[in-house]
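Join these two chains into a complex; the hints should help.
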Amino acid sequence: MARRKPVNYRHQAEQEYEKLREQRRNRFRILACVDGTEESLMSVRFAAKIGWGKECDIIIAFVRPVDQGLRSGGLQVGIARQNMLDWGLDLPGVRYLKDSLEVLREEGQSPEDWAAKSAHQDTWGDPLGDNKVEYVHESGKTIVLKMKTAPDVASGILDQYELGPYNLMILGEPSRWRGEFKSVFDVGVVQKVSTLSPCSVLVARKSLNKTGFFLCTDGTERCEDAVRRAAVLARYMKQPITLFSVAKERQNKQRAEANIEHASNVLKEMKIRVNNTKIGIGDTVEQIIKHGSNHAVIVVNDSGKSRLKRAVSGSVAFSVMRNAKNSVLNVR
Amino acid sequence: MNANIITDSLQANEYASDWSVRFRRVGYQRMLVMRSQVNLYYFWEKRWFFLAMAIGALLISIDGPPNLSHEGYIVLVMSVVATILFITEPIPLPTVALLIIVGQVLLLDLDSTTVAKTLMTDSVLFIMGSLMLAVAVVKQQLDKRIAWYIVQMTGTKTVSICFGITVVSGILASFVGEHTVAAMMLPVGITLITLTSDNPKRVRNLAAVLLFSICYGCSVAGIGTPSGGARNAIMVGYWKEFFYDPASPETHQYLMDYWKWMTYAYPLFLVQLPFVTLILFLTFKPEYKDLSRGVAKLRTQILMQGPLRPSAWLSIVFFMLILSGWITMSSEWGMGTVAVLGAAAFLIAGLVRWEEINSGVNWGVVLLYAAAISLGVEMKVTGAAEWIAESFLALLSPIGIDSGVGLWAAVSVLTTSVTNTMSNGAAVAVLGPIVLKVAVVAGENPIVVGFITAVSSAFAYLTVVGTPACTIVYSSGYLKTTDFLKVGWRMAIVSTALLLVVASTYWPLLEG
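Protein chains in written order, with my numbering: chain A, 1 to 332; chain B, 333 to 844.
I should point out that these hints are in silico values taken from the structure, not numbers from a laboratory.
Fair warning: this is a prediction, and the values are worked out from it, not measured in the lab.
Idealized CB from N, CA, C, for every residue including glycine.
A few of these clues could be false.
[Claimed, not checked] The following residues of chain B were derived to be distant from chain A, with all beta-carbon distances above 12 Å:
id	residue
1	E403
2	D443
3	T595
4	L605
5	M661
6	S836
[Stated by the list, open to error] Below, in silico cross-link-like pairs of lysine-lysine (DSS-like), each with a Cα-Cα straight-line distance of 25 Å or less:
id	chain 1	residue 1	chain 2	residue 2
7	A	K271	A	K54
8	A	K192	B	K378
9	A	K98	A	K117
10	A	K98	B	K812
11	A	K98	B	K533
12	B	K489	B	K621
13	A	K325	A	K248
14	B	K812	A	K325
15	A	K192	B	K812
Bound-form chain B, shown alone (with noise of 0.2 Å):
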């Protein structure tokens, strides 16, 4: 065969010599190059985000419902919107916070210095003192120290590695973020997959197991403290935004502090831990009972790791540090100072480079939640959370649960639902207010409600993007999309069914 034929095989326009089929070839490409350069496909790409605007600006032209003010409808309005961007994502996340800046400015007339005030409270200070301690906290590689403690515990039987993975994994992530855990147990998970065997398609079910062990031990963990995710901070901020007032002292209740969060909250996550391992090994059938080689070689690796760094022992004095900070300083100085001082004392030392925190924190992720909490605010002071919890009950009064263990399940389901779709720290955002203000109209506790919706947001296991967990967990390769599917719905109703139980027997306890 001529090696020119096979070059031509597939190529369009290399071998007809008639004049008019090289005219009409030539035309076809000049049409072509016209149409690559106006770039239609841009505003395909970017459907969602036109298609936002467009309903938008209609809704915003069309007058809004006659019991709601006319800035509690434009914030309505621009609470959908951010909505459909937080989900359809056709433009990059955080131009999403800079459109509600602006929208802020430019449609409810606000003074920017107003709105600019209003991006910066001690919760934002906190998610980014956090997400700079995650960074260095990672960087200190201590992961294959906690590795080897986990097995030394637990022995060489798959589950009880993976119950063991779950619980350490668990209790790390309540204090130091989910993110943080699951970027440092990830290679472990890894490594005993890849010690045990070669063949990834041998170890299917093995790595399911150790990974969502790693994955879902930390996004039931991540309830535990207000540290355990932007999503409690939010939450904690709300709160305070909402419902606090310096000169009443019944309303100080509302000041949540780290160590109130964790009276509440702790105790459902401990409940959680052992059901994971249970569901997970109900679901996938492990190729092996026991990783014995996968852990003599492990062993092998921390050997030649030699005893623990000074550095890293100061690295852990200081975490204890900033924990007993947070847990005792918190009402005083408030969490995101401690978060933020706790980040310097890192830096100070030497135990982390500004560098790797600047490439390590995604900083546009903050402004997101700094604008998002900043709109929740917003729906509050027009009105718009009050309208829509007031329709939102209207919808659950007629099947009877529009109060009590009725209507938290409803807020539970509803969280869950917007959660699976985006972040759960956007969900937070997004349904805080109204879900606030749904128990302030059916007469219920804040506390209760809102704790309902931050800890509900955490049961994002049916998809990838659900939880920050699972989004690390995934990027291993080992996971299939489906995967999450399998077993997420078992591990969702679960958890609901535990919230409820715990929020009905155990937090009246705490309220009395």
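Bound-form chain A, shown alone (with noise of 0.2 Å):
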């Protein structure tokens, strides 16, 4: 009698969820992520309104770090936080997550009617390990709610993405954003994770009053392509485009305008209409942030320099981000 040839499970796995991410590839996955401030929760507010089509789904993250017995005494965090569920009290991620829900009803979506199921995952030897509650719309819209644990906060963030590829990280404004050499000593989550994130990623302030998309583009091929996906983008969250370059010196003002105009016809071409033009001259990053900033969304274009090169001669990109007042999108 032949033997069966055994199963092969782990590449059964491998499988399904190569299967799982092909699907997601088709959708378009927004990554909110919050911490419980003021600031954070606009994240959840800008997907919210980009992510209102049924072709859309949304992921709200909080990432608690694993605990670390030394400060605690040598007495498990878990301790009082077993003690807090005990009086029937919400653990700060689930209180979080249930303040972006809320924030999530205000702007329209409202997942508690859809189906629901959650899921929790050991993870870091953590009892509390990861959590999630999946809202499926029948049109196949999810909303997810997750609660994840990780040795810290941007590498959890950014473990995320690798779960399931998303076309978009939005974060809330950082409290703290240093420059290159400082980073190097000291980083904050929002710029840790905006530096080494694979997707393009939308730091959210308060512009959500302002209107309209605000296109950065230089004329280069790597500008050209973001200003398409960013007016794609744009046009589905019904907002006016605005196209924006900047020449360092008055001769140069010609060039700035010949990069305006090539980026009109591209857009011309795809049938979005750009509503407004305009040339600035000076610094690049000053002049973006000054004539950007009564709009909603600031897009600029991740020059894919390495930390060494932008120590050296800078981003505009990360500049902006940075020093912005409005929500800036980095298109990668």
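Shown next, in the form of structure tokens:
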């Protein structure tokens, strides 16, 4: 009797996982990260505005760092958390996710009536582990509330990207964003995620009372690509588009005009209307921030520079993300 | 809008059709795959570890100071590397303990059994037993009763409740450890906040005064008795290791028992209590002056619980016995033995399960403290502590603070600075050998200087990681890191001033 070929479960699991990723690639997936602050809830508001359609999935994540026993004197913080649960109190992450759900409701998305399923996964040896509630609409649209455990918040967010590819990551306004040199020693969560994220990142600030996407171009192929993709997003959100280019000196103005004309033509071919065009003269970062300040979102293009190159020559995209007062989308 | 267009909008590689673009894209993707497999980011994440190791290797390769032995220099380098790792935490902290053990065997050429023996002292046993007791006590769910007794005593005024919470948290924390009481009282604070208002924005300052009353109440109390925190046990261990000689009766004063510690430190804790509430109310102005709504709901919850269970009464009896054991028997049996006996009693009576203790105690921390104490003892044996002490005093002497109150203030400021960057237990473990040698070289009483270090290590009010109580209360999510800075500096100044006053007026009476 011939022996049956052993089942390769690992291969099967990999295939299933790849199939799931493939399905997810066909959807517009947004990862909004919250940490309980008012600023981080702005990321949920943006996620609701961008992901209003049925082809968009919204994943709201709260990342809790793994307990560090030394800091709590050798007594695990989990004991305190368990005590809170015994009192019928919500853990902080649960509270923040509930707040996020409230924001979604305010923005017209109420997933409570959708089919819901929850899942738990042990991770990092932490009894609380990863927990999620997944709401699935009959159209296939999904909203997920996820409480994740990771060694640190930034690595948890980046790890979440690995679990399922995302098109866009939205983070709240950072409390600190250091220069390239200082960030070697100490770097904030938003800055770290923005630097390392494989997908586009939107730093959400309180700018939803303004309208319009402010698309910056310098005429390069990368910028043209970013303009094209951000313009689709703007049109999807029914937002007017402003094209912008900077000339370092007045005599270079013609080149900036040519950049804008080229970008306009690209969008015209895509049948996307450009509502306004602007040209700034002077320092690129200053001009973008100045002219883009009355728009909902400034769109910049990630130059793909390494940390070393950024430290030496700077990065327009990162400087704008750091210094702008309104939301900035860094397209990758 | 076509669904595919929005899906493609921010995806990098879906629409290009030109063969050259495709070719380049594939190349780029392969490069990304290769880069992810090499995982250079690992080295970036662990940069502080590699940097610390490089500094260590560099320092060991050069000659040390002429008036310091080779072994002393190596211990000094190991301490520098350990301190960098304590502060930057690039690797799990118990790993630092393992490296200290390995370093002692390989770099100092010590016998591994000798090193292993130095890891388990009465202080380490005491830390281990206290942590097990902490889990056992929290599991008894006495917190609601305690909360109810507080509001029965204080009434419903916010200021009275906060003072009551500070006093009760403090008194309990002084005996059962600050982390235990912070874990027990945290739900009390949050319940009072949430029962007063569902909207956290409306109770922002109220949350701050209530939660800081818990954590600062616990922090100022953690110095009251040796069981208040691991740092106290570490200092008790250092006094014994550094100065006690069984053959010399005059060195018996360095055997610090439970009661003797209390006579020095407990009054200082009591003096600090009213200042906690005063500073909190001057810093944060709570939105509600009266918490009758929250208290009424809390009362309903207590009534629903019914009378105190026999197991809870038994736990209270056990703890009173352990406490009396610490006070009366610790000089004979050692505090560690009493603590471990207490933990065993809780387990035998079935008041707590071993699994609960096993998951509630971070055993890596016990190992870390053990290794840090072992390194501290090596600092003394090799002369490294004495060399640092002499260098430290040489720095202080030009400004005239190399003795008396000036030196105490310098030691206190140094400890407060260090403890705000790392856990207070680690701070005492690192600084203990140095300050005790400073006391010897400067002709000061090592007991006084040791107390100043142990007490100052509780002044980590400025950061979340400074004291266990702060870390636990911060985990509630109601406080911001900036809140700690806002109120912490006032607390640190007042506590330092009170410490110096007590050290110069009350402690000399005890020495006499």
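Structure-based check of each hint:
| no. | hint | in the structure |
| --- | --- | --- |
| 1 | E403 | holds, 28 Å |
| 2 | D443 | holds, 29 Å |
| 3 | T595 | holds, 24 Å |
| 4 | L605 | holds, 21 Å |
| 5 | M661 | holds, 24 Å |
| 6 | S836 | holds, 30 Å |
| 7 | K271(A) with K54(A) | holds, 23 Å |
| 8 | K192(A) with K378(B) | holds, 15 Å |
| 9 | K98(A) with K117(A) | holds, 16 Å |
| 10 | K98(A) with K812(B) | holds, 19 Å |
| 11 | K98(A) with K533(B) | holds, 15 Å |
| 12 | K489(B) with K621(B) | holds, 6 Å |
| 13 | K325(A) with K248(A) | holds, 22 Å |
| 14 | K812(B) with K325(A) | holds, 22 Å |
| 15 | K192(A) with K812(B) | holds, 20 Å |
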